[in-house]
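There are 2 protein chains.
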Amino acid sequence: MSALLEQLIDALRVLPGVGQKSAQRMAYHLLERQRDGGRRLSEALEAAMSRIGNCGRCRDFSETPVCPVCASASRDAQVLCVVETPADRLAIEQATDFRGLYFVLHGRLSPLDGIGPRELGLDGLGTRLAEGEVRELIVATNPTVEGEATAHYLAQLARQHGVRPSRPAHGLPLGGELEYVDRGTLSHAFGSRSDITG
Amino acid sequence: MSALLEQLIDALRVLPGVGQKSAQRMAYHLLERQRDGGRRLSEALEAAMSRIGNCGRCRDFSETPVCPVCASASRDAQVLCVVETPADRLAIEQATDFRGLYFVLHGRLSPLDGIGPRELGLDGLGTRLAEGEVRELIVATNPTVEGEATAHYLAQLARQHGVRPSRPAHGLPLGGELEYVDRGTLSHAFGSRSDITG
Numbered sequence: 001m002s003a004l005l006e007q008l009i010d011a012l013r014v015l016p017g018v019g020q021k022s023a024q025r026m027a028y029h030l031l032e033r034q035r036d037g038g039r040r041l042s043e044a045l046e047a048a049m050s051r052i053g054n055c056g057r058c059r060d061f062s063e064t065p066v067c068p069v070c071a072s073a074s075r076d077a078q079v080l081c082v083v084e085t086p087a088d089r090l091a092i093e094q095a096t097d098f099r100g101l102y103f104v105l106h107g108r109l110s111p112l113d114g115i116g117p118r119e120l121g122l123d124g125l126g127t128r129l130a131e132g133e134v135r136e137l138i139v140a141t142n143p144t145v146e147g148e149a150t151a152h153y154l155a156q157l158a159r160q161h162g163v164r165p166s167r168p169a170h171g172l173p174l175g176g177e178l179e180y181v182d183r184g185t186l187s188h189a190f191g192s193r194s195d196i197t198g
Numbered sequence: 001m002s003a004l005l006e007q008l009i010d011a012l013r014v015l016p017g018v019g020q021k022s023a024q025r026m027a028y029h030l031l032e033r034q035r036d037g038g039r040r041l042s043e044a045l046e047a048a049m050s051r052i053g054n055c056g057r058c059r060d061f062s063e064t065p066v067c068p069v070c071a072s073a074s075r076d077a078q079v080l081c082v083v084e085t086p087a088d089r090l091a092i093e094q095a096t097d098f099r100g101l102y103f104v105l106h107g108r109l110s111p112l113d114g115i116g117p118r119e120l121g122l123d124g125l126g127t128r129l130a131e132g133e134v135r136e137l138i139v140a141t142n143p144t145v146e147g148e149a150t151a152h153y154l155a156q157l158a159r160q161h162g163v164r165p166s167r168p169a170h171g172l173p174l175g176g177e178l179e180y181v182d183r184g185t186l187s188h189a190f191g192s193r194s195d196i197t198g
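The listed protein sequences correspond, in order, to chains Z and X.
Every letter in the first sequence is one number past the one before it in our numbering, and letter 3, counting from 1, is 3.
Every letter in the second sequence is one number past the one before it in our numbering, and letter 79, counting from 1, is 79.
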């Protein structure tokens, strides 16, 4: 097999869920029928990998120092929603009419993996809560064990700064990933979120 | 969402079997954990799309005018194996001890889709058979209706030039794709190939 083709098949395996056979199929498909699409993908990858960084406010992916959502004057800065991943933020944005701001953890507390508050940017979140503008912190971590532990930590952090912690209504399937919940359920859960007490 | 990210997600959908949700997942995965892998993929794609052409002898993908297999002195030029796709050729090469040469159709006869002998390079194959070096033509098209029709045409072409047509032994699952047959079955089928008579 051509060395370039072998390199392409090998490089495609960096994609999640793509093994040797799928990578082969993708490479042949591109060479056979989608050379222009393959070139466009090459350019899009290079641009995205090199130029997408993180928003200095919400930590979501952004190609500008502050992302459009954080920079928008029409969003409600008094409500801040914390999510585990950019995909969660996107799912909420697409499914609900939430107009507040976001904070992206890029993970969840997981001491055994060495992921503590610092790795999730929670020092920065604390500083932000201390500024006094945020009134409510919606904790939208996943309903998994680690997500719940993270939610507990975030609720305490909020209370320390006099901010009301809340979370989306139960109804999210336990053990599942927020990213994959159907829009109706997610929207309902956002609408009937409840305060965290105790 | 970042425009560059949207472009990346869109560009990823050129890959076979990748829809909006998978593309999103892939893009986030690369940004989050595999930036170097993403850059390598970008380079591999660009190199492959621009520099991989077709071998002038066997029509398989090649980055040189004649591919290494066709250029090799250690292959038996008296036996020529015709396959539908480069993936089929690769499967045979990996599963069997076949040491002859290949001819890749890049498709199969399909008059309704406007795919005739010319589109499959069969004029070039005819010229090659007329040269007299080839003694046996192994017709390894897929056991589908169109593949069988193509095999029939190829057998006639071989006989016209005094070349013995053969095909791999039955045992290949009907209606399936040669590319996905397990190695043992494929190897057995190659070992007990039979002449095409009548």
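The reader is advised that the hints may include incorrect statements.
Derived EDC-like pairs (lysine to aspartate or glutamate); straight-line CA-CA distance at most 20 Å [to be verified]:
(1) X:K21 <-> Z:D113
(2) Z:K21 <-> X:E6
(3) X:K21 <-> Z:E32
(4) Z:K21 <-> X:D182
(5) Z:K21 <-> Z:E43
(6) X:K21 <-> X:D10
(7) X:K21 <-> X:E32
(8) Z:K21 <-> Z:E32
(9) X:K21 <-> Z:D182
(10) X:K21 <-> X:E43
(11) Z:K21 <-> Z:D10
(12) Z:K21 <-> X:E93
Here are the computed distance ranges between Cβ atoms for each label pair [unchecked claim]:
(13) Z:P117 <-> X:T185: 52 to 60 Å
(14) X:R33 <-> Z:L112: 28 to 36 Å
(15) Z:A3 <-> X:D76: 22 to 30 Å
(16) Z:G114 <-> X:G53: 58 to 66 Å
(17) X:G17 <-> Z:A3: 50 to 58 Å
(18) Z:Y180 <-> X:D195: 30 to 38 Å
(19) X:A3 <-> Z:R75: 14 to 22 Å
(20) Z:P65 <-> X:G17: 53 to 61 Å
(21) Z:R164 <-> X:A3: 28 to 36 Å
Think of the hints as simulated: they come from the structure by calculation, not from any bench.
Glycine is no exception: its CB is placed at the ideal position from the N, C-alpha and C atoms.
Hints, one by one, checked against the model:
As the CA atoms of K21 (chain X) and D113 (chain Z) are separated by approximately 28 Å, the hinted pair breaks the 20 Å bound. Among the hinted pairs, K21 (chain Z) with E6 (chain X) is inconsistent with the structure: their alpha-carbon atoms are about 27 Å apart, more than 20 Å. Between K21 (chain X) and E32 (chain Z) the alpha-carbon distance is near 25 Å, which puts this suggested pair outside the 20 Å criterion. Between K21 (chain Z) and D182 (chain X) the CA atoms are separated by roughly 13 Å; this keeps the pair inside 20 Å, and the hint holds.
About 24 Å separates the Cα atoms of K21 (chain Z) and E43 (chain Z), which puts this hinted pair outside 20 Å; it is violated. For the given pair, K21 (chain X) sits about 11 Å from D10 (chain X) by alpha-carbon distance, which is consistent with the 20 Å threshold. Restraint check: the Cα-Cα separation between K21 (chain X) and E32 (chain X) comes to about 16 Å, which is no more than 20 Å; the hinted pair holds. Our distance criterion of 20 Å between C-alpha atoms is met by K21 (chain Z) and E32 (chain Z), whose separation comes to about 16 Å.
At roughly 13 Å between alpha-carbon atoms, K21 (chain X) and D182 (chain Z) fall within 20 Å of each other, so this suggested pair holds. Using a Cα cut-off of 20 Å, the hinted pair K21 (chain X) and E43 (chain X) is violated, with the two alpha carbons roughly 24 Å apart. In summary, the hint linking K21 (chain Z) to D10 (chain Z) is supported, as the alpha carbons are separated by about 11 Å, within the 20 Å threshold. The suggested pairing of K21 (chain Z) with E93 (chain X) holds, with an alpha-carbon distance near 15 Å, which does not exceed 20 Å.
Distance hint for P117 (chain Z) and T185 (chain X): a CB-CB separation of about 56 Å, consistent with the stated range 52 to 60 Å. Checked against the hint of 28 to 36 Å, the C-beta distance between R33 (chain X) and L112 (chain Z) comes to roughly 18 Å, which is inconsistent with it. About 24 Å separates the C-beta atoms of A3 (chain Z) and D76 (chain X), a value consistent with the hinted range of 22 to 30 Å. G114 (chain Z) and G53 (chain X) have their C-beta atoms about 49 Å apart, which leaves the hinted 58 to 66 Å range violated.
A beta carbon spacing of about 26 Å between G17 (chain X) and A3 (chain Z) contradicts the range 50 to 58 Å that was offered as a hint. At roughly 55 Å, the beta carbons of Y180 (chain Z) and D195 (chain X) sit outside the given window of 30 to 38 Å. Separation of A3 (chain X) from R75 (chain Z) is about 19 Å and conforms to the stated range, judged on CB atoms against 14 to 22 Å. Remark: the range hint 53 to 61 Å for P65 (chain Z) to G17 (chain X) is contradicted by a beta-carbon distance near 37 Å.
A hinted range of 28 to 36 Å for the beta carbons of R164 (chain Z) and A3 (chain X) is consistent with their spacing of about 35 Å.
The structure does not agree with the numbered hints 1, 2, 3, 5, 10, 14, 16, 17, 18, 20 stated previously, though it agrees with the rest.
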